[in-house]
Amino acid sequence: MLKSNSRNVSGLGDFVFSRLTLICSLVLIAILVNILVILIIQALPAIKEFGAAFLGSTTWNPVNDQYGALPAIYGTLLSSFLALIVAVPISIGAAIFLTEIAPVWLSNIASFVIEMLAAIPSVIIGLWALFVLIPAVRDPIEKWLGNTLGALPFFQGNQLGFGFLAAGIVLALMIIPIITAMSRDVLRAVPQAQREAMLALGATRWETIRKAVLPYGRSGLVGAVLLGLGRAMGETMAVAMVIGNAYRITPSLFSTGTTVPSKIANEFGEASGIQLSSLLELALILFVITLLVNIIARLLVWRMTAVKTGKD
Amino acid sequence: MAHDGCKDWQRLIMYSSNLVARKWFNRFMLGLCALGAGLAIVFVCLMLGYILIQGVSFFNLDFLTHTAAPIGQTGGGMRNEIIGTLILVGLGSLIAVPLGMMTGIFLSEFANPLVASGVRFAADILAGVPSIVVGVFAYAIIVRPLHSYSAFSAGAALAIIMIPIVARTTEESMRLVPNSLREAALALGITRWRSVLSVVIPGAITGIATGIMLGVARIAGETAPLIFTAFGNSFGFDGLGKPIGALPLQIYRYAISPYKDWQQQAWAAAFLLSLLVLVISMAVRWLSRKRSS
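First to last, the sequence lines map onto chains C and L. With the working numbering, letter number 164 in the first sequence gets 153, and the count goes up by one each step, no holes. To convert, take the position in the second sequence, counting from 1, and add 816; that gives the working numbering.
One chain only, chain L, in its complex shape (with noise of 0.2 Å):
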């Protein structure tokens, strides 16, 4: 516990009448933690305030129009970064959603309470798992197999990440659709199943969609299971079986290089990751506001 060193001292002050030295200690300690939560926050507004600065002072239209300059040159964007990057979440998400809706439904509406408990415990687990090994596990089963880098392996290792995502994001917005739904539904006559997909699902969307940004948000980012899954390719997509460059691993092999210019261009892409990182997280923030009131 934080304050364990205080322990003796406090007891002294509780057993004590003094009621005004309590007081005072009860202020301080407040205040502590006061302290802590506000300590949290302003490093987390100092730290977005310099990226976003930063950022956009080296962003402009080159930046998303222009192609990586070679080596010596100045100049030059990440176009086909982004692009790499939304095809990338893009496979990821064509992957997961699937799996970790049906994961979610299969929780909510169809697993018995045990079977429902491991597969959430699976799911936390795999949550967990940290992002390199679940790159190297694709490499592993993709990569080395087939003896090439490939956006598809990349996709893969960002599905990986993004299914338990979606998949406790699905189940506990569907829980939250009361059952006398469900019961009017098949009062109706409806089979299970499209009681599920067309009662349950649409009373659910909100809560999916918002689970389906965050992992997106999620997996935008991830760089480690791209270093060898995707690679990077700096003249465009050219496959799914070819490697593929990523804003993320972009911003991290410029951000250790000694080219001002790279670094200067490795800010702006952290600007435009971070953007949109930032608008999800206060969407998803609106929408689930939307749906609790």
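So that you can see chain C by itself, here it is in the shape it has in the complex (with noise of 0.2 Å):
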């Protein structure tokens, strides 16, 4: 690909438009630098007050001002982890579907039937949740779990409906065209010799994908499933409305919980002082796990279609 360097933009013209969008671009820069920067110091408070022992603790009590981290930490991952469990498959076997077996015009449509999920607003997601999805959960899902595995911890308690498992049924929704979509595209990045060579083989059209696509794809497919994760991490309105907002640690998926973005968007608005600096620590925590999440997958995701623009 062709394109001139920097270095020959000649007049003045050109000088103040290219430094113009330079300026731009360093803005988007700077709004990122800024969001670490005005989270740490506004955190600051309560960094000093509670040092380390916030990521431990497992208290939040405005009346006493005691204030820690793990409980929402601890929902966060579980619910998170949940949603992967029933995405990943689904997602990654549909990512299969479109490129592998489903003919053009079928693979078009799904997709963007696909993709139209992920552009209903998350607050919609949770009203719907909240009318239709929690009702099931709650019958049909969680009693047969309760009847069938009841033994375990992770099925005990109230069924309620609201709680972790609402929560990740919920976020495996939202992510599941997520994780579809840039699956999709990481396997169309495997060049077509990759496949015709194990055909030539004699594999069948499994083997072939089993053997020779989804090894080649693996970088990016675990990319893909990364940026679904942040995703979910960082969901807020749909968790919200199905979570339950308790303040607590338990492996019961039955039991109702809270997430880091749940637990800031409901006390936000009311907290003040070190409650609200708190929050601010919890917003920072949340900031810098999905920052790290998001840069493993985008460089997986990229490392692996850079191949198919490199071909191009």
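Hints were generated in silico from the structure; no laboratory data involved. No experiment lies behind these values; they were computed from the predicted model shown. A few of these clues could be false.
[To be verified] A few chain C residues that don't get close to chain L, going by computed Cβ distances all over 12 Å:
(1) Ile36
(2) Gly45
(3) Asp54
(4) Arg127
(5) Pro129
(6) Gly135
(7) Pro142
(8) Gln181
(9) Ala182
(10) Ile238
(11) Ile263
[Claimed, not checked] Stretches of chain L that chain C covers, calculated by requiring three or more beta carbons in the stretch to come under 8 Å of a beta carbon on chain C:
(12) 848 to 861
(13) 923 to 929
(14) 955 to 965
(15) 1024 to 1037
(16) 1063 to 1074
[Stated by the list, open to error] Selected chain C positions facing chain L (in silico; Cβ < 10 Å):
(17) Gly0
(18) Leu15
(19) Leu106
(20) Leu269
We treat Cβ as the ideally placed atom computed from N, Cα and C, and that holds for glycine.
From these two lone chains plus the hints, build me the complex, please.
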């Protein structure tokens, strides 16, 4: 690809215009850096007050001004993990279907429908979950799990509908389109020769996918899953509406709980002083975790799809 | 990997020369993949169908033209919230479109490869920042110092979410403009910046418009960043420095309220927002189809 170098820019108009575009790009980077800096500054009172104990403490008591992040972090990790368990097999399967099995017209329509799910605002998914999913989770799902697997600590307790399980299912729904679209792009970037070689050896379609396509795209697929994870951990509204907002750590998936984003959404408006600072520290923790997950994911996906653009 | 559990079992089949078993296993696994896609599609259709049907049954003219009824009274509508959302989306776009487009132009036309990949990376990472964190950030830099919730702070938060979307789509669609067009313009003696504005951008305008529409669809439904910036205001628009109502905020408040009437209004609002998002998605698809053909 031919790209003229910025050194070739001549004349005042070119100089001004190119610098203007550069400044706008710097604004974008500045926003990213500033989010980190501002969050650290504003969380400083809580960081000074509680130190590292903030991460390990399970209390959240505005009356005594004692705050700890562990239950929120636990809830975030648990609900995102549940979401991945549900979403990953479905999404990877769907991506394989879209790239390897379906004819082009069907693949186009199916991609469009699945991606439409990603466009629905999370508050509307939350509304739907509140009135449709929660009753369904309460009666067939939790009842059945309680009856058959009730011996396990994960499936004990009151079957309320609200809780980690419902949050996990809602998150799964929300990240399926993301993981599917990303995995589809990754699988499309796998060179055709890779498939043809395997088929020429007499492998079936599935053997080709399993031995030649998926291994080739492994890092990209991991990246796609991580992007989904990053989204799940930061998702706020739909989770806040279904998780029940209790500050506790328990192995039971039926139990109500909270996540970092839903804790912030619920309390930020009325908080002040050290409580506000603690919520800002929660936001900082969330920002740093999702930042790391996204950086790893982007690098993995980029490496994979760069192969494709290099080939074109 | 999703099917690691099958590994040993599969290897057994693979290396046995039992063609019939391999063929059946092939069908079984392909069927599972199709099932994954089918499940996702059925879920989307069921959910969308439910939202649209439920929403349209509570949707009426009053909803569009009336303001919110006081607690205890039935009826009323979301006129103020609809106007509020339009204002917020307008504000966000007003900030994000120029900034995002200029960043896209920089990436596609002026940046050297190293700087470009840095900025591109930052844009992708910014797009992945949870929207609630963006809301907290806008609160910290605007609402807290000014001691007031404001339409402006909400617009800024939405703009931060929209910038990377516009930037990346602008860049991608400008890259699709053939270099021969740029060279032809330069050969005529036009300066670089004029050729960008009058040759490259017109050539990429459909793609750029697509990006802006995607951004609008995204920020129109954002709720988390509005809770502590826009805050909500059922009395109507009161200036950019004052709290402002928005459809997604109202959906949230009404959905978790105990009043049947409010919940029905939430459904009607959800219908309106979903319709907007769906229409934009379809238009985007239509536009990008037209572009590629």
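*Check each numbered hint from earlier against the structure, then list the numbers of those it violates in ascending order.*
none
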